[in-house]
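> Okay, here's what each chain looks like letter by letter:
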Amino acid sequence: MKTDEQIVEAVKSGRREGHDLMVGRYGQEVFAMIARQVPSVMDAEELTQDTFLKAFAAIDRYDPQRASLSTWLCHIAYRLTLDFLKRRRAFTVSIEDTEVWQTDITDEQLEAELSTGNEERIQRLELLIDDLPSDERLLLTLHYFENRTLDECSYIMDATPHALANRLYRIRKKLYKQLKQL
Amino acid sequence: MKTPKDTDLREALRRKYSHEPQLPADFIKSLTPNPSPRRGEPSPLPLRRSSLLWRGIGGGCVAIAASVLLLIMLNIGKQKPKQQTPVIAEVVTEPQPIIPDEPVEHANPTKPIIPVKVAKAAATKKQLAEAELPDTLGQGIFESEENVRLAVQMLSECEATIRHEEQQVNNRIIEATFNALPQAENALLVTNENGDFEVIEVSEQTAIEI
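Protein chains in written order, with the working numbering: chain A, 1 to 182; chain B, 183 to 392.
Hints are supplied without guarantee of correctness; some may be wrong.
To be verified - Using C-beta positions, here's what the derived DEER-type ranges look like:
| no. | chain 1 | residue 1 | chain 2 | residue 2 | range |
| --- | --- | --- | --- | --- | --- |
| 1 | B | Ile254 | A | Glu17 | 47 to 57 angstroms |
| 2 | A | Leu128 | B | Pro203 | 19 to 29 angstroms |
| 3 | A | Lys54 | B | Ala369 | 49 to 59 angstroms |
| 4 | A | Pro64 | B | Glu202 | 23 to 33 angstroms |
| 5 | A | Arg66 | B | Thr189 | 29 to 39 angstroms |
| 6 | B | Cys243 | A | Gly117 | 50 to 60 angstroms |
Said to hold, decoys possible - BS3-like, lysine-lysine: derived pairs with alpha carbons at most 30 angstroms apart:
| no. | chain 1 | residue 1 | chain 2 | residue 2 |
| --- | --- | --- | --- | --- |
| 7 | A | Lys86 | A | Lys174 |
| 8 | A | Lys54 | A | Lys2 |
| 9 | A | Lys177 | B | Lys198 |
| 10 | B | Lys198 | A | Lys86 |
| 11 | B | Lys187 | B | Lys198 |
| 12 | A | Lys54 | B | Lys211 |
| 13 | A | Lys54 | A | Lys12 |
| 14 | A | Lys177 | A | Lys86 |
| 15 | A | Lys180 | B | Lys187 |
| 16 | A | Lys54 | A | Lys86 |
| 17 | A | Lys180 | B | Lys198 |
| 18 | B | Lys187 | A | Lys174 |
| 19 | B | Lys187 | A | Lys177 |
| 20 | A | Lys174 | B | Lys198 |
| 21 | B | Lys211 | A | Lys12 |
| 22 | B | Lys211 | A | Lys2 |
| 23 | B | Lys211 | A | Lys86 |
| 24 | A | Lys12 | A | Lys2 |
If you're looking for bench data, these hints aren't it; they were derived computationally from the structure. We put the beta carbon where it would ideally sit given N, CA and C, even for glycine.
Just chain A, same shape as in the assembly (with noise of 0.2 angstroms):
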């Protein structure tokens, strides 16, 4: 099993081997998280190509230091998938809501209405999710699905930590006022 570093020794050698082998490992993380931002399988498929082929080329230039080779080709990826939105006019952002922050209650609070185990919360969620703006809903997935830290969300979606830890804050907020109107 080689490990990241000798897969980017192969890369940066230009052997076919360590093509493979990046693709092998990281080919389906990053397809997945494309998928969960564009509706097209064929789009997706062909932004996993475009990232590939950009890390590749830019491989020089990783520093394993500030990033996981994972973590790294995800930001490619993001970079990637939000200009492809935004060409096609399809990336959402998230508009602030006073409302939302003058929600009064605490963090713990918020915790234990989002962990109540209710199926029906839980069903309700799943449609809520669909009703984000992109950049909140890849967010999510990446700390709540991907199981990623705030700092390596924080690498991806270039944006400091401290910014999407509150970003995340006002999501919980929101989707826990969106829960209590039902």
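Following the hints, position chain B against chain A.
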């Protein structure tokens, strides 16, 4: 920084994305190798993308070509009868007298004879062939004035048949177009005195009465 549990949210996301599409097994093959660079040239990317875009462009070109071909065919089909009809009418209405190869006895020798080329032109029409013409007509030799009169009559009938068919085709096209396209509320499809369909616009009052 503490990560909240939010188990409901995690479960909702897990269910939502549990059936994610899989990357095709031959994905790596889609990144096809580039040819080796020539000496002195900068090294290109080791791989290049076999773009799905080109498949889309190819499909689009085929669709456009098919549409153009269809339009041309429709246009030709529409124009053909119009081009042929006046030629027949012209020849029939103004027959040129010619001297036949062999002397033929006529009831009235001063009457002009329909030339051979008229008969040949008429013979190209299916209607003439189906009308069981006399053998002599096909050979272009009219033995009597009666045959000449018969030939002229048949040509006139052919012409009328062609005109009628052409009119029917045109009417069908007009009717189909009228039904297919959105029309103004006061637009009506009517038949004029010649039997041709035409779309007219009437006043709102008339439309309501109709």
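> Each hint: holds or not?
Do the hints match the structure? See the list:
1. B:Ile254 <-> A:Glu17: 47 to 57 angstroms: Holds, since Ile254 of chain B and Glu17 of chain A (Cβ atoms, about 54 angstroms apart) stay within the stated range.
2. A:Leu128 <-> B:Pro203: 19 to 29 angstroms: Holds: the Cβ-Cβ distance is about 23 angstroms, inside 19 to 29 angstroms.
3. A:Lys54 <-> B:Ala369: 49 to 59 angstroms: Given about 57 angstroms between the Cβ atoms, the range holds.
4. A:Pro64 <-> B:Glu202: 23 to 33 angstroms: Cβ of Pro64 of chain A to Cβ of Glu202 of chain B: about 28 angstroms, so the range 23 to 33 angstroms holds.
5. A:Arg66 <-> B:Thr189: 29 to 39 angstroms: Since the Cβ atoms of Arg66 of chain A and Thr189 of chain B sit about 32 angstroms apart, the hinted range of 29 to 39 angstroms holds.
6. B:Cys243 <-> A:Gly117: 50 to 60 angstroms: 56 angstroms, holds
7. A:Lys86 <-> A:Lys174: Distance ~25 angstroms between Lys86 of chain A and Lys174 of chain A Cα, so the pair holds.
8. A:Lys54 <-> A:Lys2: It holds: about 22 angstroms lies between the C-alpha atoms, which stays within 30 angstroms.
9. A:Lys177 <-> B:Lys198: Roughly 21 angstroms between the alpha carbons, so the hint for Lys177 of chain A and Lys198 of chain B holds.
10. B:Lys198 <-> A:Lys86: 24 angstroms, holds
11. B:Lys187 <-> B:Lys198: 18 angstroms, holds
12. A:Lys54 <-> B:Lys211: 17 angstroms, holds
13. A:Lys54 <-> A:Lys12: 13 angstroms, holds
14. A:Lys177 <-> A:Lys86: Holds, because 29 angstroms separates the two Cα atoms, which is no more than 30 angstroms.
15. A:Lys180 <-> B:Lys187: 19 angstroms, holds
16. A:Lys54 <-> A:Lys86: With a Cα-Cα distance of about 19 angstroms, the restraint between Lys54 of chain A and Lys86 of chain A holds, given a limit of 30 angstroms.
17. A:Lys180 <-> B:Lys198: OK: Lys180 of chain A and Lys198 of chain B at ~21 angstroms, within 30 angstroms.
18. B:Lys187 <-> A:Lys174: 17 angstroms, holds
19. B:Lys187 <-> A:Lys177: Within the cut-off at roughly 18 angstroms; holds.
20. A:Lys174 <-> B:Lys198: With a Cα-Cα distance of about 19 angstroms, the restraint between Lys174 of chain A and Lys198 of chain B holds, given a limit of 30 angstroms.
21. B:Lys211 <-> A:Lys12: This hinted pair holds, its Cα atoms lying about 20 angstroms apart.
22. B:Lys211 <-> A:Lys2: 21 angstroms, holds
23. B:Lys211 <-> A:Lys86: Holds, at about 29 angstroms.
24. A:Lys12 <-> A:Lys2: 15 angstroms, holds
Hint check: no violations occur; every hint is consistent with the structure.
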